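S.K.: Here's the letter readout for the chains.
2 protein chains.
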Amino acid sequence: MKTELDTRTKIVLAAMDLFWSKGYNSTSIADILSRTQLNSGSLYHAFPGKQDVLIAVLESYRDGLYPMLLEPAWEGVGDPVDRIFALLDRYRWLIVETECTYGCPIGSLALELHEADPVVRNLLAVNFTGWTKAIETCLEAAADRLPAGLDKAALAQFVLTTMEGGVMQARTHLDVTYFDRGVGMLRDHFDMLMARAARKPETA
Amino acid sequence: MKTELDTRTKIVLAAMDLFWSKGYNSTSIADILSRTQLNSGSLYHAFPGKQDVLIAVLESYRDGLYPMLLEPAWEGVGDPVDRIFALLDRYRWLIVETECTYGCPIGSLALELHEADPVVRNLLAVNFTGWTKAIETCLEAAADRLPAGLDKAALAQFVLTTMEGGVMQARTHLDVTYFDRGVGMLRDHFDMLMARAARKPETA
DNA sequence: GCGTGACTTGAACGATCACTCAAGGAAAGG
DNA sequence: CCTTTCCTTGAGTGATCGTTCAAGTCACGC
Chain W
1 MKTELDTRTK IVLAAMDLFW SKGYNSTSIA DILSRTQLNS GSLYHAFPGK
51 QDVLIAVLES YRDGLYPMLL EPAWEGVGDP VDRIFALLDR YRWLIVETEC
101 TYGCPIGSLA LELHEADPVV RNLLAVNFTG WTKAIETCLE AAADRLPAGL
151 DKAALAQFVL TTMEGGVMQA RTHLDVTYFD RGVGMLRDHF DMLMARAARK
201 PETA
Chain S
1 MKTELDTRTK IVLAAMDLFW SKGYNSTSIA DILSRTQLNS GSLYHAFPGK
51 QDVLIAVLES YRDGLYPMLL EPAWEGVGDP VDRIFALLDR YRWLIVETEC
101 TYGCPIGSLA LELHEADPVV RNLLAVNFTG WTKAIETCLE AAADRLPAGL
151 DKAALAQFVL TTMEGGVMQA RTHLDVTYFD RGVGMLRDHF DMLMARAARK
201 PETA
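Protein sequence lines, in the order shown, are assigned to chains W and S.
Everything in the first sequence is counted per this note's numbering, starting at 1 for the first residue and increasing by one.
Everything in the second sequence is counted per this note's numbering, starting at 1 for the first residue and increasing by one.
By construction, these hints were calculated from the structure, which means they are not laboratory data.
Every value quoted in this text rests on a predicted model; they were computed, and no experiment measured them.
Hints are supplied without guarantee of correctness; some may be wrong.
Chain S regions said to be covered by chain W (calculated; three or more residues, Cβ under 8 angstroms) [unchecked claim]:
(1) 19-25
(2) 31-41
(3) 63-70
(4) 174-183
DSSO-like mimics (lysine-lysine), calculated; alpha carbons at most 27 angstroms apart, straight line [to be verified]:
(5) S:LYS50 / S:LYS22
(6) W:LYS22 / S:LYS22
(7) S:LYS50 / W:LYS22
(8) W:LYS10 / W:LYS50
(9) S:LYS133 / W:LYS50
(10) W:LYS152 / W:LYS133
(11) S:LYS22 / S:LYS10
(12) S:LYS152 / S:LYS133
(13) W:LYS152 / W:LYS200
(14) W:LYS50 / S:LYS50
(15) S:LYS10 / W:LYS200
(16) W:LYS22 / W:LYS50
Beta carbons: idealized from backbone N, C-alpha and C, even for Gly.
Construct the complete structure from the given sequences, taking the supplied hints into account.
M.R.: In structure tokens, the structure reads:
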């Protein structure tokens with residue numbers, strides 16, 4: 001089944017990869033054109049400008065969160081807490097696979113684009129929110145094992161923080177163990193929370 | 001005392017500010033020149049090229065870690081655990097002061113420079129290591145309040161992770177509370193560690 | 001006064017950037 | 001066969017990038 005790809009789709013796929021590996025500013029339109037084997041006219045027929053390609057990429061990440069990231073990561077993993085660490089393991093795998101050169105595409109773009117357009121900044125925020133909401137769902141599913149008054153939204157954000165900070169340090173040091181230690185600390189955090197919940201259950 | 005600044009120093013100071021606010025790639029030599037009121041010849045007399053300005057900036061951050069960042073943040077704060085959170089509060093202050101537009105200069109550069117020169121990458125790593133080593137010193141000074149077998153290096157890295165992840169999310173959402181929640185989670189983590197240490201003291 | 005080295009001047013260079021557009025298919029409906 | 005519409009072609013635009021360099025200025029030892 002040789003799928004004939006839409007011009008827009010071809011561009012978005014190529015741009016996703018290029019923005020991920022080189023960043024937005026360092027990726028030129030010429031890079032996208034040579035990757036897709038298109039001419040500039042075709043690209044500018046499909047998109048008004050470079051920033052609109054970025055917007056399409058971010059929308060694609062947003063829409064692909066479950067089908068492309070979470071569902072594969074959670075396949076065969078039923079326990080909600082395990083799912084959180086399965087997702088982190090997915091990122092670990094990406095780090096190893098790319099020899100610590102790639103990171104989280106959203107995080108990289110978020111720190112690269114300093115004076116971002118409101119639409120772009122909002123899409124970055126939406127991507128983060130989608131991710132943390134998914135973690136929050138896991139935390140709610142595991143609510144019986146966690147302390148009663150726990151701020152689940154804050155903890156979900158903390159999971160994202162651990163992932164982003166770990167990826168950043170692993171990439172800078174070219175060493176996955178910097179990611180692993182962060183995940184290990186988060187594991188400890190969860191263990192302590194669950195131990196606390198087990199010690200005095202059902203209290204507000 | 002009107003100090004006449006060295007050309008190199010003037011350039012480094014201007015570049016620190018520009019790289020911080022706009023990033024490395026988005027800062028042009030022309031930006032640095034107009035900021036310093038110098039001509040291109042003077043800059044290229046002081047530095048072989050743009051990347052060498054970046055290297056000087058990173059060396060400046062490395063050398064300024066204690067005098068410019070830690071000592072001011074720790075002034076009047078004796079308790080080692082309080083010092084950790086005083087430092088995080090310093091970053092919080094920067095976020096608020098810049099209306100969530102600036103972040104950690106090292107973290108931003110680390111994620112912006114995807115295919116960084118080895119010298120640059122190493123200087124980024126050195127800056128991270130200097131920071132975490134300082135936190136580690138605090139943890140060692142508070143060792144009596146912490147669990148015996150605690151991996152202090154890992155926890156120190158986790159503090160950096162919390163800071164970087166919090167800054168990233170605060171900047172993306174244009175809202176400091178994303179930073180605050182991360183610091184709150186870390187506070188909980190410390191509280192749980194100290195409670196565990198108090199429960200069963202002096203055990204390995 | 002004069003030579004010498006350190007530093008500055010700023011126009012100019014080639015490369016590359018995002019982007020444009022007149023011209024040219026290709027397919028479909030009439 | 002013609003028209004219309006959609007899409008592609010690719011040379012070309014002006015702007016901006018990092019960088020160069022011949023010429024000029026300046027302080028200082030002789």
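S.K.: Hint by hint, say whether it matches the structure.
M.R.: Hint-by-hint comparison with the structure:
Here's how the stretch 19-25 of chain S fares: 4 of its residues keep a CB closer than 8 angstroms to some CB of chain W, so the rule of at least three is met and the hint holds. Taking a C-beta to C-beta cut-off of 8 angstroms, the stretch 31-41 of chain S contributes 0 residues in contact with chain W, too few for the three needed, and the coverage statement is violated. Under the rule that three or more residues need a Cβ within less than 8 angstroms of chain W, the assignment of the stretch 63-70 of chain S is violated, with 0 such residues. Under a criterion of three residues with beta carbons nearer than 8 angstroms to beta carbons of chain W, the stated coverage of the stretch 174-183 of chain S is upheld, 4 such residues being counted.
With a C-alpha separation of about 15 angstroms, the suggested pairing of LYS50 of chain S with LYS22 of chain S holds against the 27 angstroms cut-off. Simply put, LYS22 of chain W and LYS22 of chain S have alpha-carbon atoms about 17 angstroms apart, close enough for the 27 angstroms limit, and the pair holds. Restraint check for LYS50 of chain S and LYS22 of chain W: satisfied, since their Cα atoms lie roughly 19 angstroms apart, inside the 27 angstroms limit. Only pairs whose Cα atoms come within 27 angstroms are accepted, and LYS10 of chain W paired with LYS50 of chain W is accepted, the gap being roughly 15 angstroms.
This hinted pair does not check out: LYS133 of chain S and LYS50 of chain W have alpha carbons roughly 42 angstroms apart, beyond 27 angstroms. For a cut-off of 27 angstroms, the pair hint linking LYS152 of chain W to LYS133 of chain W stands: about 10 angstroms separates their Cα positions. With a CA separation close to 18 angstroms, the supplied pair LYS22 of chain S and LYS10 of chain S stays within the 27 angstroms bound. Of the supplied pair hints, the one linking LYS152 of chain S and LYS133 of chain S holds, its CA atoms being roughly 10 angstroms apart against a limit of 27 angstroms.
Under the criterion of a C-alpha separation no larger than 27 angstroms, the hint pairing LYS152 of chain W with LYS200 of chain W is consistent with the structure, at around 18 angstroms. Distance hint between LYS50 of chain W and LYS50 of chain S is fulfilled; the C-alpha atoms sit about 25 angstroms from each other, no more than 27 angstroms. About 60 angstroms separates the Cα atoms of LYS10 of chain S and LYS200 of chain W, which puts this hinted pair outside 27 angstroms; it is violated. In summary, the hint linking LYS22 of chain W to LYS50 of chain W is supported, as the alpha carbons are separated by about 15 angstroms, within the 27 angstroms threshold.
Checked against the numbered hints listed earlier, the structure breaks hints 2, 3, 9 and 15; every other hint is satisfied.
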